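Chains as they are written, first to last, in our numbering: chain A, 782 to 1049; chain B, 841 to 1023.
Careful, some of the hints might be misleading.
[Stated by the list, open to error] A few chain A residues that don't get close to chain B, going by computed Cβ distances all over 12 Å:
1. 799
2. 802
3. 810
4. 812
5. 814
6. 816
7. 959
8. 978
9. 995
10. 1017
11. 1018
12. 1032
13. 1036
[To be verified] One side only, chain B facing chain A, incomplete, derived with CB under 8 Å:
14. 955
15. 961
16. 965
17. 995
These aren't lab readings, by the way, just hints derived from the structure by calculation. Everything numeric in this text was worked out from a predicted model, so none of it was measured. In this text, a Cβ means the ideal position worked out from N, Cα and C, and glycines have one as well.
Residue-level listing of the chains:
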Amino acid sequence: MSDRRDELGLDALLAAERAADDGPDPAVSERLYARVLATAALPTPPPGLEAAAEATTAATSGSAAAGAATAGAGVAAVGAGKLWLVISLLVAGGGVATWQATRPTPAAAVAAADPAPAPQTVPAPTVPAVDPLVAPEPPAPPIQPEPPRAEPPVRPARRPPPRRVAPPVPRTPRTDPDLAAERALLAQVAVALGAGDSAVALTGLRDHARRFPKGRLTEERAVFQVRALQLAGRTAEARAAAERFLRRYPKSMHRPTVQAALTEKSAP
Amino acid sequence: MGVMHASPAPAEPPDLHQIYAAHVGHVWRTLRRLGVAARDLEDATHEVFVVVHRRLPDFDPERPIKPWLTGIAWRVAADERRRARHHRERLGDDVGLGEPAAQPDPEQLLAARQARDLVAQALDTLDLDRRVVFVMADIDQASGPEIAAALGLPLNTVYSRLRVARERFAAAVRRIRLTEGAP
């Protein structure tokens, strides 16, 4: 996509548009503001606006949940014929948190800074949403010997801490709010990866690393990291990250994916 | 510009006047980019700020304000479009351009003007829902998640609309240049 854009000089065109600073001229602007105040003082709003306002509110407040709710669906479209899909499915699942709620700074622009190739996402057929994390099956890699997190989550605790009798129990139930938040976050990353938006993906990954340094999806995060770096054209870093991954998770089920990434020359 | 992302102090919600003073230009340009005709810009801007006034208590000051304003502008533009459907000469007057800021070099000015005309024409080939995503992403440089939040859309929808919008925008630019020999 980016070649074609350059060839057409679209960046320059859009830059010209971006630089525009036209607006109402001062007289109009003053008059306008007076009108706004006058209307705002009226007891009843003109019809039609209410709906717009309601919708906007829904947009502002409901979006995090909406985003998370659809993350699963989005994720299904991500991998499109790639092994990444498998990992996407791994992190797909419930959860309400999205990183936009916590992100302190907005990510880099979607398009401008991103030389990533056109997303080859084809609206993928939905894949049966198996959830390997709750299924007993996947060869749970021997990572994270650390005990179940002792310190409470940063967020205000919503419910009493789960019983801490847990002996070396395998992975815990999906009702765990931290796990849900981790999943939601990585699901967003997966969507961004699928769309070729490496900047947003990397921001999400950083956010995940910050919030869940010892989270239960660190392995998946590491895989995504490889992919995101690749997408961003940071080939050397991607390669280093892949090698680190293979050393750290020698029995990971994601090895083939990461190995494939190692053999690719650059972003596809 | 800097207003939107700066939130070091746990913010008081900004008041209407501050928002108006800082962002009336953004709202104006956004409405224009969304296809509101020049003659309707004043009314549409008025509507946006009336909604802003009403919704201000719900605005989360931690969030960037421009995408929020753009979301409101999008809905006002959609209303406007519905209403304007019968007197149908949307692009009648100088849609593309307000008064450009004083620029020294007339040639530059001409080039910028032509570029903006071209952008306006190409934008006009997009339907409103894709258009708003494109404007936010490629002109306002908002991130995917910001756009999704401001418009109340799933992130994936934002990306797919953006992808299609970019393709169509590029195709339109190509076509317009071919027919007009424009810049």
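Here is how each hint holds up against the structure:
no. : hint : result
1   : 799  : violated, 5 Å
2   : 802  : violated, 5 Å
3   : 810  : violated, 6 Å
4   : 812  : violated, 8 Å
5   : 814  : violated, 6 Å
6   : 816  : violated, 5 Å
7   : 959  : holds, 20 Å
8   : 978  : violated, 6 Å
9   : 995  : holds, 25 Å
10  : 1017 : holds, 25 Å
11  : 1018 : holds, 21 Å
12  : 1032 : holds, 32 Å
13  : 1036 : holds, 28 Å
14  : 955  : holds, 4 Å
15  : 961  : violated, 11 Å
16  : 965  : violated, 14 Å
17  : 995  : holds, 5 Å
Violated hints, listed in ascending order, are 1, 2, 3, 4, 5, 6, 8, 15 and 16; each of the other numbered hints is respected by the structure.
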